[in-house]
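Number of protein chains: 2
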Amino acid sequence: MKDKPLRSAPTPSVRRMPRYLRCLHALRSDRVEWISCTFLAERLNVDPTLVRKDLALTGITGKPKVGYYLPDLIMAVERFIGWDNPEDAFLVGAGHLGTALLGFEGFARHGLNIVAGFDNDPTKVGTTVADKPILDAAKLPDLAQRMHIRIGIITVGARNAQAVADLMLSGGITAIWNFAPVPLDLPEDVILENEDLSGTLAVISRRLAASGI
Amino acid sequence: MKDKPLRSAPTPSVRRMPRYLRCLHALRSDRVEWISCTFLAERLNVDPTLVRKDLALTGITGKPKVGYYLPDLIMAVERFIGWDNPEDAFLVGAGHLGTALLGFEGFARHGLNIVAGFDNDPTKVGTTVADKPILDAAKLPDLAQRMHIRIGIITVGARNAQAVADLMLSGGITAIWNFAPVPLDLPEDVILENEDLSGTLAVISRRLAASGI
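Heads up: the protein sequence lines correspond to chains H and E, in order. Every position in the first sequence, counted from 1, becomes a number in this note's numbering once 506 is added. Every position in the second sequence, counted from 1, becomes a number in this note's numbering once 506 is added.
No lab work stands behind these hints, which were simulated from the structure alone. Every value quoted in this text rests on a predicted model; they were computed, and no experiment measured them. Please note that a few of the clues may not be correct.
Distance windows between CB atoms, simulated [claimed, not checked]:
1) R558/E x D553/H: 23 to 33 Å
2) P693/E x P570/H: 32 to 42 Å
3) V552/H x R615/E: 25 to 35 Å
4) D642/H x V572/E: 45 to 55 Å
5) S535/E x D553/H: 20 to 30 Å
Not everything, but these chain H residues come out facing chain E in the computed CB check (under 7 Å) [to be verified]:
6) I587
7) G588
8) T605
9) A606
10) A681
11) L714
All C-beta atoms in this analysis are idealised placements derived from N, C-alpha and C, irrespective of residue type, glycine included.
Hey, can you work out the whole structure from these sequences and the hints?
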């Protein structure tokens with residue numbers, strides 16, 4: 507059964523959801539049953555109005571005075587960001603960054619299941635990283651199609667990133683998570699997220715400069 | 507000579523600066539001399555008003571009709587984000603992610619100079635990664651103080667991140683770039699940027715779920 511397409515939501519709100527979720531899971535471990543926006547906001551040191559608006563996006567409604575029933579809230583947030591249904595992904599570029607991501611255990615809890623890595627280095631092809639096979643990049647399009655993979659993660663260098671993206675698209679991949687520090691030229695209907703470390707670096711540098719220390 | 511503290515600027519604007527800078531450097535390679543906001547906005551496929559506002563933050567003023575003199579604009583943006591003056595940094599956690607960051611050549615162009623890595627694994631201490639020494643983590647506070655290091659990068663696992671952050675603070679580090687997927691408890695005056703991959707992952711999952719494909 508296929509649900510109807512969900513309505514769009516502001517990206518900053520979506521981006522905050524994992525933080526809520528981490529806090530909610532911790533509270534569940536502490537056997538908390540009901541939780542209010544104000545309490546959650548205090549724990550996370552953010553504005554309660556923001557929390558209320560964000561949580562409302564998930565479609566859940568709280569009870570006056572007591573707030574939300576914790577298991578329901580967790581389910582609503584997970585469903586909202588699609589983490590109730592983990593998604594298989596392919597990663598291309600089994601260098602240090604790729605290896606780090608392949609071995610990152612947190613992804614499974616975050617709705618992402620990297621099922622294989624790809625590389626064109628013959629010394630890497632045929633090996634495994636964190637129990638995941640490293641396959642020949644040339645096999646990606648065919649495998650992606652057969653396995654209905656929708657998410658591709660790019661951890662190659664800037665020079666090869668566009669070629670890898672094209673390879674992914676030819677295999678039917680519709681969402682690309684790009685760690686290469688280069689802009690990609692992709693059709694508009696492709697979901698693209700750039701993990702741009704230079705942006706964060708700029709924020710740190712600027713804050714250091716502005717701190718006048 | 508010490509400049510007076512710069513006024514604060516909106517984080518999203520600061521975060522966009524590296525994108526502008528990349529484009530501006532590419533244009534300089536193409537021997538472009540003058541550039542308008544509209545042209546830059548078109549190249550980057552963003553709103554010209556946004557570009558104008560962002561660039562105005564750097565203090566530069568364009569000339570009517572011709573726009574900005576490219577070398578001046580590059581200098582203004584670099585100065586604004588503090589990249590005219592590269593900053594030395596220490597990294598703790600010489601695993602795969604740490605190794606990837608130590609070897610990332612782009613940082614030097616982005617105002618960051620990682621001068622050493624630290625770890626407490628005796629098999630790593632004493633080795634080098636990308637020509638940078640891996641030192642015993644216990645030596646960090648003393649070295650950080652003597653070398654006046656202000657930026658610390660955390661690439662250890664979630665369990666050790668807080669202890670590493672405390673170690674950095676004891677060495678006088680004032681800005682922390684945290685790649686560990688865990689919130690850190692730090693004094694308010696510490697500059698903290700969390701590289702939270704789960705946030706991006708939520709955006710991708712949500713967009714895939716909402717696309718109804």
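Here's how the hints hold up against the structure:
no.	hint	in the structure
1	R558/E x D553/H: 23 to 33 Å	holds (29 Å)
2	P693/E x P570/H: 32 to 42 Å	holds (38 Å)
3	V552/H x R615/E: 25 to 35 Å	holds (34 Å)
4	D642/H x V572/E: 45 to 55 Å	holds (52 Å)
5	S535/E x D553/H: 20 to 30 Å	violated (44 Å)
6	I587	holds (4 Å)
7	G588	holds (4 Å)
8	T605	holds (4 Å)
9	A606	holds (4 Å)
10	A681	holds (5 Å)
11	L714	holds (5 Å)
Comparing the model with each numbered hint stated earlier shows that hint 5 is the single one that does not hold.
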